[in-house]
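Visitor: Chains as they are written, first to last, in our numbering: chain A, 1 to 398; chain B, 1 to 328; chain C, 1 to 291.
Hints are supplied without guarantee of correctness; some may be wrong.
As the list claims (entries may be wrong) - Restricting the straight-line Cα-Cα distance to at most 20 Å, the calculated cross-link-like pairs of lysine to any residue (SDA-like) are:
id : chain 1 : residue 1 : chain 2 : residue 2
1  : A       : Lys193    : A       : Ile215
2  : C       : Lys31     : C       : Ile131
3  : A       : Lys211    : C       : Lys31
4  : A       : Lys79     : B       : Ala277
Said to hold, decoys possible - Which chain B residues face chain C? A few, computed with CB under 7 Å, are given here:
id : residue
5  : Gly121
6  : Phe124
7  : Thr210
8  : Leu285
9  : Gly288
10 : Leu302
11 : Ala305
12 : Ile306
To be clear, the hints were calculated from the coordinates, so they are not data collected in a lab.
Every value quoted in this text rests on a predicted model; they were computed, and no experiment measured them.
C-beta atoms are modelled at their ideal positions from N, C-alpha and C, and glycine is treated no differently.
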Amino acid sequence: MSRRVDILPVLAILVGVLVLGLSAVTLADDGITDKEVTVGAGLDLTGAVANRGVNIKAGMEAVFNRVNEAGGIHGRKIKLVAYDHVYQPPKAVINAKRLVERDKIFVMMGHLGTPTTKAIMDYLGEKHVPNIFPATLASIWTNSGKWHIGDLATFADQTGLIVDYLVKERKFKRIASFYQDDEYGLDGHQAGKARLKHQYDRAYAVEVDYKRADIDFSSQAAKLKESGADAVILQAVYREPPRLAEQCHAIGYHPLFIGVSAIVLDKTIELGGKHVEGMMGVEVYPLPTDPGAFLDLYRADMKKYFPHLALDTTNLYGYQKAALFVEGMQRAGKNLTRDSLLKAIESIKDWDPGWGLKYSYGGDNRRVMSRAARLVSVKDGKWTKASEWMELQETGRK
Amino acid sequence: MAPRTAERLRVSFVVAAAVVALALPNFADDYIRHVAARLFVYALVALGLNLLTGFAGQVSLGHAAFFAIGAYTAAALAERWQWPSALCVLAAAFFTGVVGYLLGLPCLRLSGLYLAMATLGFTFIVQEMLLQLAVITHGSEGMRVKPAAVLGFTFDSDYRKYYLLLGVTVVMLLFARNLVRGRTGRAFLAIRENERAAEAMGVHLAQYKTIAFAISALYTGLAGALSAFLVGFLDPQEFSFFLSIQFITIIILGGLASLLGSLLGAAFLVILPELLAGLDVWQALVYGLIMVVTIIFMPFGLSGAIRRYRYRWFGIGVEPVIPRRLGH
Amino acid sequence: MVEILTSQVVSGLATGCVYALIALGFVLIFKATDVVNFAQGEFVMASGFISYTLLIRFGLSYWVVLLVTIVVSGVMGVILERVVVRPIMDAPIFSIVIATIGASTVLRSSAGIVYGYDVLPLPTIFSKDPIRMGVLSFTVMDAGVIGSSLVIMMALYLFFTRTKTGMAMRATAQSQTAARLMGVSVKGIFSLTWAISAAIGGVAGVLIAPIIYLDPNLGVIGVKAFAGAILGGFGSIPGAIVGGMLLGILENLSGYFFNAGIKQVSTYILLIVVLVVRPSGLFGAVAVKRV
Numbered sequence: 001m002s003r004r005v006d007i008l009p010v011l012a013i014l015v016g017v018l019v020l021g022l023s024a025v026t027l028a029d030d031g032i033t034d035k036e037v038t039v040g041a042g043l044d045l046t047g048a049v050a051n052r053g054v055n056i057k058a059g060m061e062a063v064f065n066r067v068n069e070a071g072g073i074h075g076r077k078i079k080l081v082a083y084d085h086v087y088q089p090p091k092a093v094i095n096a097k098r099l100v101e102r103d104k105i106f107v108m109m110g111h112l113g114t115p116t117t118k119a120i121m122d123y124l125g126e127k128h129v130p131n132i133f134p135a136t137l138a139s140i141w142t143n144s145g146k147w148h149i150g151d152l153a154t155f156a157d158q159t160g161l162i163v164d165y166l167v168k169e170r171k172f173k174r175i176a177s178f179y180q181d182d183e184y185g186l187d188g189h190q191a192g193k194a195r196l197k198h199q200y201d202r203a204y205a206v207e208v209d210y211k212r213a214d215i216d217f218s219s220q221a222a223k224l225k226e227s228g229a230d231a232v233i234l235q236a237v238y239r240e241p242p243r244l245a246e247q248c249h250a251i252g253y254h255p256l257f258i259g260v261s262a263i264v265l266d267k268t269i270e271l272g273g274k275h276v277e278g279m280m281g282v283e284v285y286p287l288p289t290d291p292g293a294f295l296d297l298y299r300a301d302m303k304k305y306f307p308h309l310a311l312d313t314t315n316l317y318g319y320q321k322a323a324l325f326v327e328g329m330q331r332a333g334k335n336l337t338r339d340s341l342l343k344a345i346e347s348i349k350d351w352d353p354g355w356g357l358k359y360s361y362g363g364d365n366r367r368v369m370s371r372a373a374r375l376v377s378v379k380d381g382k383w384t385k386a387s388e389w390m391e392l393q394e395t396g397r398k
Numbered sequence: 001m002a003p004r005t006a007e008r009l010r011v012s013f014v015v016a017a018a019v020v021a022l023a024l025p026n027f028a029d030d031y032i033r034h035v036a037a038r039l040f041v042y043a044l045v046a047l048g049l050n051l052l053t054g055f056a057g058q059v060s061l062g063h064a065a066f067f068a069i070g071a072y073t074a075a076a077l078a079e080r081w082q083w084p085s086a087l088c089v090l091a092a093a094f095f096t097g098v099v100g101y102l103l104g105l106p107c108l109r110l111s112g113l114y115l116a117m118a119t120l121g122f123t124f125i126v127q128e129m130l131l132q133l134a135v136i137t138h139g140s141e142g143m144r145v146k147p148a149a150v151l152g153f154t155f156d157s158d159y160r161k162y163y164l165l166l167g168v169t170v171v172m173l174l175f176a177r178n179l180v181r182g183r184t185g186r187a188f189l190a191i192r193e194n195e196r197a198a199e200a201m202g203v204h205l206a207q208y209k210t211i212a213f214a215i216s217a218l219y220t221g222l223a224g225a226l227s228a229f230l231v232g233f234l235d236p237q238e239f240s241f242f243l244s245i246q247f248i249t250i251i252i253l254g255g256l257a258s259l260l261g262s263l264l265g266a267a268f269l270v271i272l273p274e275l276l277a278g279l280d281v282w283q284a285l286v287y288g289l290i291m292v293v294t295i296i297f298m299p300f301g302l303s304g305a306i307r308r309y310r311y312r313w314f315g316i317g318v319e320p321v322i323p324r325r326l327g328h
Numbered sequence: 001m002v003e004i005l006t007s008q009v010v011s012g013l014a015t016g017c018v019y020a021l022i023a024l025g026f027v028l029i030f031k032a033t034d035v036v037n038f039a040q041g042e043f044v045m046a047s048g049f050i051s052y053t054l055l056i057r058f059g060l061s062y063w064v065v066l067l068v069t070i071v072v073s074g075v076m077g078v079i080l081e082r083v084v085v086r087p088i089m090d091a092p093i094f095s096i097v098i099a100t101i102g103a104s105t106v107l108r109s110s111a112g113i114v115y116g117y118d119v120l121p122l123p124t125i126f127s128k129d130p131i132r133m134g135v136l137s138f139t140v141m142d143a144g145v146i147g148s149s150l151v152i153m154m155a156l157y158l159f160f161t162r163t164k165t166g167m168a169m170r171a172t173a174q175s176q177t178a179a180r181l182m183g184v185s186v187k188g189i190f191s192l193t194w195a196i197s198a199a200i201g202g203v204a205g206v207l208i209a210p211i212i213y214l215d216p217n218l219g220v221i222g223v224k225a226f227a228g229a230i231l232g233g234f235g236s237i238p239g240a241i242v243g244g245m246l247l248g249i250l251e252n253l254s255g256y257f258f259n260a261g262i263k264q265v266s267t268y269i270l271l272i273v274v275l276v277v278r279p280s281g282l283f284g285a286v287a288v289k290r291v
């Protein structure tokens, strides 16, 4: 009968697959074959900061999709596996185990949130899975050892820049801090406090906190007004500064508001309108609407792969992470291992993807790819640059 | 069906469950082991909450706070005073039980929604205290917890953590079983059905209500302490009122006043999100739909549904009936 | 100092009025049907998105949008009652509560899928410019929110005391059997109650979303409103209004004198103290033994 299958070729194929499979197991790290690299991510897709998770994922996927359509890197396509951790550390641990044990990821990339990433850092270290460019600008990722590497200037460093600018250039005497009462806001808040104390022998005029879900800042506005501060440093996300400015203006108080990179979004202006005019911020990478070859590429990719998403700083944040990762993969070459990838990323020096901002590895005690930042301010309803890129000094929390 | 057959069915079910539970880690990866261990943590909480809410009829939305108190007490004892792990866990459970007893006192006069809201307030207050007592809890920085060790044996792998949690859960399950079958359990049920009648029958209301709070808190504190060692990291944001609502969801979906229900509810809440993990942003939508559909078709929860079909198919037990409350 | 304190009270009162409106929604449903609707906060969120769509995508005028939003929210309330609550009307109250929690998850994630999780600004007719009257200083928005809330509450009062339907609803809340004997359609009243509650939530959404911006997690505000309703005495309409307003003011003052942490828990500390003294809240008559 013609349906009879010849046993020999089948056996040969089986043995071949087995040998290939075994060699893959013995020779390479998990999550990598000649054809594919598996990248894992733990993000918040439906929880409290889901807007960040969804956009960061889209930004990373836009790069990976383009790279894959062009044939991958050294013949390997990039596969992104992402799970929702709802911004909860225990769920982040479960997801990390799933990614490492089940999906056999090669690296963890763009893991969202400071507490969630802290919860998995030891586990990733034990398993020798690199934690590449977690989506948190907390200062902890700059010196947590071999397996952890951050991408951009931390909130602590940014606050150092803000304090220097307010004291030295603007000659302000009274500076206040408005911060989110969690690890996210405290990082910059404490760095600013330390900077004021050690560098200028001063203290904040007043320290005013708020909770992530707060909706009314009139009591904060009243306290800020009473302190008579000339400037208010915002350790906040984009939804609070417009509301705070409104409520300060309502009681006739008009200080200079200046915030870390998390507030530099078009959304801030959309929400605040005339009340955020003159507000300043720190930028650690260009705005989605800026000129530059890399940004043209970004806009084209987003339009192609995620037409329903608006261009925004958060998906650009994910996009630049992925682009940097791809650069590292290119440099690591054909013989890719986790070690060789980390070495390749660490070898990056003065690399400009085409937007005027250069990436350089900061050294073993300063494991970030960029410490550049510039000041921007809202002019006529648009973020406008107020300084050139500069290299930030290290500012600690203590 | 004859009672003997019923008993045989029951025994074979328990044996099968025991075999599966004992063998599972040897056929699974760390991910499955960890998820299963998490399931046991939630099952412990559910057992405790079910004793209070399901059996004694006292609604609590304060169990996220008890969970937090257990977790942080154990972590702090281990970190600051280097207590042996076993002692940390026991002390944490006991301390949480005392807190539960104390919370039970002002709650004596409250019932229903008022009790739910007061205990929810307790959750908010404790969560804020975790931030304010940064000297002990490290505040919003979060707290790392080293693996538990008992007599030189370290529970550092998910394999070991699984068996530890399995053992504790089984012990606590048997304890709860004895409790609800004994005098205390009958007193709880009497209080739930009718406080005045219970009092008339000689049940000391205040005593039993506070005892229910204390035991329930003890279970939850124990679960919290073990969870701290399981996850290895504590963050105050984790212990929000959402967690309290999750806990109450577990026992209602699983079945009120049912120990089996506590286990099933915990399994539902831990496993379902894992099954839906690939759905991306659709995950929460599907999860919510499944929750609504489950409760519509199983108003007495999963254990209620089991009771119903056990009766219909095998003729064992009684069928849970919905009393015609509104008579339309 | 006086000026700052009064402005704190006024802006707290504005937030408190919105709490009160949402609390009213909780209480109405509970009084009529013995159900606690945990999706009440999601009604507020959904109506915010509905009015956003009508205003921005369809460019309708503000008043038309307000009207349509109220109607659509009401319909949403009826649908929720028919689909989720009625099939298990006789089941333990716990199960119904869980069903509404499930429904709230569905509403929240649907909004997230359709609109994304980014916050959106909802336009309003009230400006955020300050007004000064002696020691009082507040924004037009504060005044508008307080005024509109008072109008709604007045309208509800008239509805319940002056119209036949309103009185039938009160009768049903007192005794379903008696109401049925008097020829009142209890099922119809149930649907109507859900419609009215959802519609009030709709108004609250249109009022609050411009202030705190729209996003799928906006429904969390329902927890505070629920606390307000309990503080006032669950089941009491004046209680819900007073409780909600009190919480709004208390929050602002404690935020001013202390910090954000105390501001957040002040609500619950007051609540626990009040409940220990008066176990059924400020205006609650008898302890309602339900669960």
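Visitor: For which of the previously enumerated hints does the structure constitute a violation, in increasing order of number?
Guide: 1, 2, 3, 7, 10, 11 and 12
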